[in-house]
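Just so you know, the protein sequences line up as chains B and H, in that order.
Using the numbering used here, the first residue of the first sequence is number 12, and each one after it goes up by one.
Using the numbering used here, the first residue of the second sequence is number 5, and each one after it goes up by one.
Each hint should be verified, as a subset may be incorrect.
Taking lysine-lysine and the DSSO-like style, the derived pairs with C-alpha atoms no more than 27 angstroms apart in a straight line are [claimed, not checked]:
{"id": "1", "chain 1": "H", "residue 1": "Lys-390", "chain 2": "B", "residue 2": "Lys-327"}
{"id": "2", "chain 1": "H", "residue 1": "Lys-390", "chain 2": "H", "residue 2": "Lys-104"}
{"id": "3", "chain 1": "B", "residue 1": "Lys-110", "chain 2": "B", "residue 2": "Lys-535"}
{"id": "4", "chain 1": "H", "residue 1": "Lys-104", "chain 2": "B", "residue 2": "Lys-535"}
Hint data in this document are derived by calculation from the structure and do not stem from the laboratory.
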Amino acid sequence: MKILPIAVLLAILAAPADGGVQEDAATPFQSHVLPILQSRCAKCHGSSKAKANVVLDGTRGLDRLSGEGDLWFRVRDQIQAGQMPPPEETPLQPAEREKILAWIRGEFTDLVAAKRKREGRRHLRRLTRSEYSNTLEDLLGIRPPLDALPQDGRVDGYEKVGSALPLTPEGALSYLNIAEYLMRSYVLKPNAPDASRTIRSVAKESEQSKGHILELGDGTMVSFNSDVTSGPFKNFSVQVPGVYRVRVSVYAYQSEKPLPFGIYVGSTWSYPQQLEFAGLLEAPPGKATVLETEIYLREGSGARLIPFGLGVPVPKNSQASQCRGPGLAVQWIEAVEPERPLKIDRWLTADFPRPLSEELRSQNGQVVLKQAKSVNRAEFLSVMQATFKRIGARFYRRDLTSSELQQIVNEIARQIDTGVPLAAAFQSQVVDLMTSPDFFCVIEAPGPLRDVALASRLSYFLWNSTPDERLLDTARKGRLRDPKVLRDETERLLKDPKSERFVKEFVDQWLGLNAIHDTTPDAKLYPEYGRNELIKYSSVWETQGFFRRVLMENLGVRAFVDAPWAYINEPLARHYGLPEVSGASLRAVTLPESSPFGGLWTQSAVLKVTANGTATSPVKRGVWVARRLLGIDIPPPPPTVTAIEPDTRGAKTLREQLELHRNNPSCAACHARFDPYGFALESFDVTGGLRTQYRVADSGRTGWREGPAVDPSGTTPEGAPFRGIVELRRMLARNPQQIATGVTRHLVTYATGAPATPADQKAVDAVVQSASADNYGLRTLLHSLIDSDLFRWK
Amino acid sequence: MISRRHFLRAGAAVLALPRLESLALADGKAPPNRMVLICAGFGFYGSAFFPEKGGRDYEPSDYMKVLGDLRDQFTVFSGISHPQMGADHASESCFLTGAKNPLSNTFRNTVSLDTVAAQQVGNATRFPLLSLGTDDSFPLTKTSTGASVQGLSRPSDIFARLFLTGKPAEVAQEVARLKHGESILDRMGDRLGSLKSKLGAADRQQLADYSESVRDMEKQLHANEVWATKAKPVIPEAPPADIADKSDVIGRIRLLFHLARLALRTDSTRVVSIFIRGLDMKPKIDGVTQDHHGLTHHGMNPAKIDELRIVERAELGAFRDFVASLRETKENGACLLDRTQVLIGSNLGDASGHGTTNLPILLAGGGFRHGQHLAGDRRNNTPLGKLFVSMLRKFGVETESFANISGPIDGLA
């Protein structure tokens with residue numbers, strides 16, 4: 012590889028005192044730190060009696076030290092928190108404490124950071140399921156089937172970390188099956204229609220029992236239920252996968268207001284149905300209106316329209332004609348197929364001369380070399396050479412080496428010489444590209460990233476997908492390493508609609524919104540939320556939209572904790588008790604003065620995923636705020652601490668129960684660092700609604716009544732008392748640097764696929780610092796991160 | 005996983021099957037564990053199914069009496085169900101998976117119990133599992149990604165796949181297909197290997213793990229290839245004829261049970277799941293004059309309930325004969341039933357209201373200490389997943405949970 016010598020050169024230039032750094036880490040340990048450990052810690056943590064498997068005495072050379080990152084940063088945490096030495100032992104002298112901490116923060120951190128930089132902060136991984144799907148969609152115009160690949164794991168909430176991405180035997184086979192399926196079904200198809208069809212289907216009557224859907228005389232079908240029996244179509248079936256322009260003729264029946272509804276696609280006929288939400292539209296009242304949108308449809312998919320917020324007023328076996336409430340009146344659906352020939356076919360065969368393309372198609376793909384009229388052997392191989400040079404570069408996200416290209420062409424030659432049809436030989440090598448680790452894995456050599464590797468990292472960061480032709484070309488020419496070009500490309504990628512995938516995926520993984528469907532709030536306690544799924548969907552769009560605005564307008568990250576505006580629609584405004592907003596589309600509104608809302612942490616989606624269906628937990632929410640927003644590492648309880656059974660018989664609220672729990676000093680020290688945030692958030696229930704009293708189950712009409720009062724007061728870890736969320740918010744907002752640090756650490760994990768460890772702290776601080784003049788603007792932080800060694804080195 | 009059920013085999017030599025002995029012991033090893041999972045889509049009438057008292061000295065209920073002298077060979081459960089199934093026939097797709105809320109807009113199914121058990125067996129048998137049904141619906145079996153699996157319903161077809169040699173051209177095609185897959189995976193593995201030298205130490209572990217998975221799948225395909233050309237066991241009986249009459253559901257059930265026993269006996273598979281689809285017509289059973297579905301929605305009408313009991317007694321009679329036949333099949337002194345867990349139940353508890361709590365569940369065989377009624381709380385049901393954990397552990401799968409439910413179940417030894 013040409014680049015390697017330069018990498019070596021850079022490594023030498025970057026750390027000329029590399030030898031010196033290494034010297035410095037082990038020597039001060041031996042002379043300053045080890046003696047303290049031997050006299051003060053070895054009693055419990057010596058090699059003879061290693062409590063909690065921690066051994067602190069004993070000489071250590073550089074090799075051993077550089078592998079002990081976890082250990083010494085844990086030691087630092089425990090000493091800083093005052094948890095070690097334990098209360099029953101004599102505490103460390105200030106000088107002793109300082110010596111240990113200074114060494115850990117100084118020479119030791121440098122040692123570990125240098126090692127990570129040399130070897131790479133992350134290791135090889137395969138593409139995540141969504142990265143793979145997006146890559147296929149961007150290159151070929153087709154997404155793989157939903158259940159073709161297993162779900163990815165999560166490490167610290169992130170899918171992009173290597174240890175979250177094992178490769179199962181079935182997964183490996185799936186890459187082959189998917190590739191062959193695509194070739195077989197969509198490439199060089201004989202008699203493929205020249206023009207794309209328009210599918211048109213009329214609304215269908217009830218599939219369950221007659222009269223369940225109201226049939227108006229003119230063929231209009233009205234559905235009254237917000238469930239999967241609504242809005243079916245007659246014989247709507249997708250033959251060809253891709254992006255469709257879809258139009259529906261609908262209106263809101265028996266209603267004066269517009270009725271929001273969702274387009275759901277998938278296996279609408281199976282039992283149970285497995286559906287995907289594809290888009291939100293609003294049916295205006297009165298007369299039929301044609302609404303239009305673009306959605307991706309899979310082959311064989313059906314479609315149905317399901318109105319939001321109506322509950323189930325027409326249960327099974329009852330008559331829709333009795334219903335006086337609003338309904339969704341549906342007449343027809345039209346879907347315009349993606350243009351022909353399909354993108355996959357067009358793109359793969361773009362170098363084929365027209366006569367060759369036609370000949371291969373006409374013979375049902377069976378034409379062999381001997382019979383071929385449009386090309387001879389040399390010409391065909393020349394076309395193959397050009398084709399695989401072009402597509403190989405896009406599949407592998409780098410130019411093929413000449414030997415790789417030669418191997419492909421040789422293999423095709425070998426096949427056609429033994430009588431394999433030309434089309435089959437060609438397709439076999441496309442499958443070869445798609446089943447190669449160079450396609451389905453992210454491959455980076457240690458050290459500073461080559462331009463092409465940097466291009467991949469950038470596009471999987473901001474588009475969750477493969478680089479486009481332009482980005483790849485910039486990298487190919489060696490221009491991406493120029494900070495100005497890198498910045499320009501970053502801006503270009505952010506402005507592209509594909510950056511919406513970054514917004515969605517990052518918000519999902521950073522804030523844990525993938526759990527939004529995991530719990531169902533108790534229907535008796537929270538009937539309004541359960542009645543209208545649109546609140547739940549809107550809450551996710553709210554958080555995404557909020558983040559998007561902060562990103563696109565480069566607002567300061569302080570907004571994540573304290574913003575004077577919210578991004579809401581009608582159902583959310585009602586849910587939050589804010590001044591009325593009309594319509595289902597989300598827009599930014601100014602919040603009233605001293606509103607308890609403002610920022611990510613008081614948004615419904617966040618508050619829902621940090622609670623279960625029945626009760627909130629100040630501990631869970633408090634830990635979430637500390638870890639996700641403030642970037643503070645909250646360790647799990649030490650294994651030696653036994654769970655205490657406090658006597659909670661006298662307690663009433665969860666907070667009071669926790670009080671008893673925290674009276675134990677071994678728990679209190681840690682809990683004081685996050686519980687207070689959770690106490691302030693007790694003002695919000697499991698759906699993110701505001702409350703001054705807890706809801707308690709009741710047998711009366713509403714199903715619930717007001718219970719004990721909420722006490723949202725507390726004291727910050729720094730010792731400042733607050734009465735509730737409004738005061739706490741102001742306090743946190745005074746420290747935007749902390750918020751910026753938190754966000755940056757999370758961006759680092761997402762963007763580089765390796766969590767930010769204490770060894771990275773200095774680099775993270777530098778990124779944060781560079782945005783301080785800019786109010787810690789989110790976009791500025793992003794640029795800074797991309798330009799840093801954290802991003803530009805493996 | 006590729007389903008080998010779909011491909012027919014050719015054989016060189018034939019293997020004669022000695023009488024009623026199990027083939028699994030032909031090479032002298034310890035007999036393997038088996039599992040049969042049966043779901044009756046229309047449920048079992050609760051008052052006739054559940055005994056009143058719990059424990060070992062329970063008074064047999066009407067349906068337990070049908071099972072007669074098998075009392076010590078089974079455990080009957082009450083107060084047990086999968087949480088959050090909704091109240092609908094859609095729950096049949098979740099009977100073996102426990103995936104929640106099948107009626108929600110965002111429902112995604114998960115892996116089924118038979119698939120998990122089959123993964124344990126791997127390539128040791130020709131078929132990792134057999135998914136059977138009395139009719140064209142196979143809602144029980146789901147892959148590891150929750151995808152549906154096409155099952156088998158025609159006995160002639162099942163018999164052919166198990167015991168008849170396939171056409172040479174088809175076998176050759178299957179072998180070619182498998183070899184092709186192996187060669188692509190082989191190349192994938194080679195390329196992963198060649199990356200080792202180019203990348204760093206930290207990458208090598210992941211590369212090694214990925215390579216191992218690829219090699220694993222290569223081995224699986226190769227094992228499939230060996231099965232493709234291996235001789236099938238010979239059964240000294242004629243292939244069965246399909247029962248064209250849909251209303252003869254009892255006939256169809258008995259035939260499926262017969263084939264299941266043959267499959268287990270010849271070690272063609274160790275995991276069988278069977279879905280008994282409820283009829284929307286009058287079943288061909290003496291004394292029954294109305295359609296089965298209508299009977300299940302009895303609305304407390306005693307005449308309907310009486311006929312419903314006739315239908316369900318007939319179903320359980322077939323089940324009784326099946327379990328008895330497993331007891332009669334000898335394996336090294338012990339019987340096939342001792343190594344075979346047989347679960348029968350339904351995704352519906354109160355079929356008339358489509359209720360999905362308080363499911364009728366019965367587990368026979370497998371070497372458990374049976375002969376009791378394990379009564380759970382009717383208002384606060386035990387999760388059925390706990391029983392599945394017990395069953396998996398008995399089967400040899402080391403696991404602590406199924407579908408996010410930790411097991412095992414209390415009271416079953």
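Okay, which hints does this one fail, numbers in order? Hint check: 1 and 3 fail, others pass.
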